[in-house]
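Asker: The lines below spell out each chain.
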Amino acid sequence: MKYLYLLFSGLKRKKLRTGLTILSIMVAFLLFGYLSAIRQAFDAGVDVAGADRLIVRHKVSLIQLLPQSYEARIERIEGVDNATHSTWFGGIYQEPRNFFAQMPIVPEELFDMYPEFVISDEHKAAWLETRSGALVGRGLVDRFGWKLGDRIPINATIWGKKDGGRTWEFDLVAIYDGAEKGTDTSQFFFRYDFFDETRAGGTGQVGWYTVRVSDPDKAAEVAAAIDAEFANSAFETKAEPEGAFIQGFANQIGNIGFIIMTIMSAVFFTILLVAGNTMAYTVRERTNELAVLKAIGFTDSGVLGLVLGESLALTFVGGASGLGLAWLLVSMGDPTNGSFPVFYLPTANILIGFVLIVVMAFIVGIIPAVQAQKLQIADALRR
Amino acid sequence: MTANNTHGNLVKVHGVDKVFKRGSEVIHVLGGLNLDIPGGEFLALMGPSGSGKSTLLNLIGGLDRPSEGTVEVGGERIDKLSDRKLAGWRARHVGLVFQFYNLMPVLSAQKNVELPLLLTKLSKAERKKRAAIALDIVGLSHRSGHYPRQLSGGEQQRTGIARAIVTDPTLLLCDEPTGDLDRKAGDEILDLLQALNREQGKTIIMVTHDIHAAARATRTLYLNKGQLSIDPVE
Chain A
0 MKYLYLLFSG
10 LKRKKLRTGL
20 TILSIMVAFL
30 LFGYLSAIRQ
40 AFDAGVDVAG
50 ADRLIVRHKV
60 SLIQLLPQSY
70 EARIERIEGV
80 DNATHSTWFG
90 GIYQEPRNFF
100 AQMPIVPEEL
110 FDMYPEFVIS
120 DEHKAAWLET
130 RSGALVGRGL
140 VDRFGWKLGD
150 RIPINATIWG
160 KKDGGRTWEF
170 DLVAIYDGAE
180 KGTDTSQFFF
190 RYDFFDETRA
200 GGTGQVGWYT
210 VRVSDPDKAA
220 EVAAAIDAEF
230 ANSAFETKAE
240 PEGAFIQGFA
250 NQIGNIGFII
260 MTIMSAVFFT
270 ILLVAGNTMA
280 YTVRERTNEL
290 AVLKAIGFTD
300 SGVLGLVLGE
310 SLALTFVGGA
320 SGLGLAWLLV
330 SMGDPTNGSF
340 PVFYLPTANI
350 LIGFVLIVVM
360 AFIVGIIPAV
370 QAQKLQIADA
380 LRR
Chain B
0 MTANNTHGNL
10 VKVHGVDKVF
20 KRGSEVIHVL
30 GGLNLDIPGG
40 EFLALMGPSG
50 SGKSTLLNLI
60 GGLDRPSEGT
70 VEVGGERIDK
80 LSDRKLAGWR
90 ARHVGLVFQF
100 YNLMPVLSAQ
110 KNVELPLLLT
120 KLSKAERKKR
130 AAIALDIVGL
140 SHRSGHYPRQ
150 LSGGEQQRTG
160 IARAIVTDPT
170 LLLCDEPTGD
180 LDRKAGDEIL
190 DLLQALNREQ
200 GKTIIMVTHD
210 IHAAARATRT
220 LYLNKGQLSI
230 DPVE
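Taken in order, these protein sequences are the chains called A and B. Heads up, the first sequence stops at 382 in numbering that gives the first Met the number 0, and the numbers go up one at a time, no gaps. Heads up, the second sequence stops at 233 in numbering that gives the first Met the number 0, and the numbers go up one at a time, no gaps.
In short, the hints are calculated from the structure, not lab data. Ideal Cβ placement from N, Cα and C applies to all residues, glycine included. A couple of the hints might just be wrong.
[Unchecked claim] Restraint-style ranges between C-beta atoms, simulated for each label pair:
id	chain 1	residue 1	chain 2	residue 2	range
1	B	69	A	8	22 to 30 Å
2	A	22	B	231	47 to 55 Å
3	A	354	B	26	45 to 53 Å
4	A	354	B	87	29 to 37 Å
5	B	211	A	19	18 to 26 Å
6	A	8	B	47	52 to 60 Å
7	B	146	A	354	23 to 31 Å
8	A	354	B	31	52 to 60 Å
9	B	181	A	8	43 to 51 Å
10	A	12	B	83	44 to 52 Å
11	B	7	A	381	27 to 35 Å
[Stated by the list, open to error] Here are the simulated DSSO-like cross-link-like pairs (lysine-lysine), alpha carbons at most 30 Å apart as the crow flies:
id	chain 1	residue 1	chain 2	residue 2
12	A	1	B	11
13	A	373	B	183
14	A	14	B	127
15	A	58	A	161
16	B	128	B	79
17	A	1	B	123
18	A	373	B	128
19	B	79	B	123
20	A	11	B	79
21	B	84	A	373
22	B	11	B	84
23	A	1	B	120
24	A	13	A	373
25	A	14	B	11
26	A	123	A	160
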């Protein structure tokens with residue numbers, strides 16, 4: 000601690016240069032933090048996907064439906080614990096930018112299949128009693144300021160009603176919370192029986208099945224058995240792990256992880272050059288001072304540590320403030336006004352950020368530090 | 000030529016050669032040099048530029064190593080010490096005063112003087128106290144919070160001297176301490192060095208070009224072409 004003022008005093012020499020370097024490091028870590036939250040938003044479903052769950056969809060495309068009767072056949076396959084179905088509703092609440100996922104499902108099966116959805120018994124009972132009832136995630140409720148008892152109109156883009164209308168009205172009777180931070184609480188569920196009776200077409204058909212396997216280690220075998228069961232039928236299937244399915248869904252937009260990684264690599268490479276340049280100049284300008292430190296008794300390794308410490312101070316001030324700013328911005332809400340299922344800066348990414356700070360400090364500081372370590376006092380004092 | 004005083008020698012330099020290599024060129028700066036300095040002496044080293052005065056000072060201060068020969072200070076062969084031990088030895092036994100002061104521009108006079116004490120186990124309060132005493136000795140108590148740019152050349156050099164004496168070193172090595180000062184400020188610095196030598200018994204070795212400065216020393220030696228002499232270089 001007694002050397003701390005010495006570390007920071009080195010950085011105070013050229014305040015403008017140090018300030019600009021810290022600013023550039025801060026921007027890099029701000030980007031890192033913010034883009035990590037965006038990546039997390041896209042990967043959220045993948046991260047919390049159950050290792051014991053498979054998704055079974057039409058072999059050709061997700062938008063092609065499967066018969067509801069498949070559920071019983073899937074459940075008879077060895078290794079399958081249970082199965083439930085979902086269908087993409089794709090409606091619009093008020094205006095298209097208010098996007099969120101809406102799906103008709105079988106209530107009892109949903110509770111069993113997704114233990115990460117936390118619902119009170121009171122809300123469960125209310126939903127089971129209300130045919131037009133909707134179960135809505137806490138995040139979505141907060142996004143639109145809904146409350147229990149609200150009637151929510153949704154305009155259908157796919158599913159017209161038998162009466163020719165396209166506006167479906169649902170009663171908000173139940174709210175679920177996430178058991179984990181990454182649980183998607185932006186979804187809107189309603190009852191399949193109500194949906195199937197009311198829709199104009201596609202009766203008896205569903206979008207996809209979620210299947211729980213008894214032994215996650217045998218998930219691949221079970222998936223193959225399901226596909227084999229329906230091979231050469233009019234509705235052939237493709238079964239895959241839930242994580243892969245959600246990842247594929249996200250990849251329709253693009254390989255978000257790769258895009259973010261590419262941006263971050265470019266940013267960090269540039270910042271390494273900027274900060275490296277600053278450190279190199281800082282040390283070169285102080286050759287004489289470093290020689291004096293050695294002359295009065297600082298060891299070679301002490302001077303090495305001092306320069307590395309200075310490098311760490313530089314990157315830490317910039318990096319920590321960048322991460323802090325990212326955390327603040329992320330806390331203020333997602334940039335899509337609630338379309339992301341989750342939007343937060345994961346603790347793991349904050350830790351990775353701090354590891355990056357240390358790695359950056361080392362890369363940026365090691366060459367000037369070694370140069371300072373090798374400085375010959377008598378030579379340096381003559382300069 | 001040997002410049003000797005055999006009683007209570009603090010510094011013993013025997014048969015020292017110093018050779019520098021610049022590319023293929025080999026430069027012999029010191030050749031078979033012998034020098035004994037008794038404790039409590041104020042020795043002035045004079046000689047033309049490039050004669051090896053600063054090189055000799057660096058060897059005695061453990062800032063450099065001889066190519067041949069031995070350097071003994073206080074009974075310790077410092078030419079044999081490892082880099083780490085030599086650094087520790089310098090911190091304990093050597094105070095350095097430079098021509099251009101070499102103060103840290105971003106640190107106050109107080110913090111500059113405290114620098115060598117960072118290497119000790121002294122508490123923060125004790126470090127501060129000792130720095131204040133050192134600044135008091137050089138007459139700069141009232142300027143302790145000032146930065147080098149806010150001090151005159153003479154004041155900066157006095158701060159440098161305070162930094163050199165704050166650890167109460169065995170040896171005070173001064174390389175042209177008045178070389179960057181006007182006569183008046185130079186005289187003040189020489190008064191101070193003389194007082195440190197006479198009143199506190201500090202052993203001082205001072206490299207200088209200034210015959211007026213050398214006159215303040217108790218002994219003057221002349222270095223020319225790597226050899227010491229008691230006579231001025233002709």
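Asker: Please go over all the hints and tell whether each is borne out by the structure.
Answerer: The hints, checked one at a time:
no. : hint                      : verdict
1   : B:69 - A:8: 22 to 30 Å    : violated, 39 Å
2   : A:22 - B:231: 47 to 55 Å  : violated, 60 Å
3   : A:354 - B:26: 45 to 53 Å  : holds, 50 Å
4   : A:354 - B:87: 29 to 37 Å  : holds, 35 Å
5   : B:211 - A:19: 18 to 26 Å  : violated, 49 Å
6   : A:8 - B:47: 52 to 60 Å    : violated, 39 Å
7   : B:146 - A:354: 23 to 31 Å : violated, 37 Å
8   : A:354 - B:31: 52 to 60 Å  : holds, 57 Å
9   : B:181 - A:8: 43 to 51 Å   : violated, 30 Å
10  : A:12 - B:83: 44 to 52 Å   : violated, 28 Å
11  : B:7 - A:381: 27 to 35 Å   : holds, 33 Å
12  : A:1 - B:11                : violated, 36 Å
13  : A:373 - B:183             : violated, 39 Å
14  : A:14 - B:127              : holds, 27 Å
15  : A:58 - A:161              : holds, 29 Å
16  : B:128 - B:79              : violated, 35 Å
17  : A:1 - B:123               : holds, 8 Å
18  : A:373 - B:128             : violated, 34 Å
19  : B:79 - B:123              : violated, 33 Å
20  : A:11 - B:79               : violated, 39 Å
21  : B:84 - A:373              : holds, 16 Å
22  : B:11 - B:84               : holds, 19 Å
23  : A:1 - B:120               : holds, 10 Å
24  : A:13 - A:373              : holds, 24 Å
25  : A:14 - B:11               : violated, 47 Å
26  : A:123 - A:160             : holds, 26 Å
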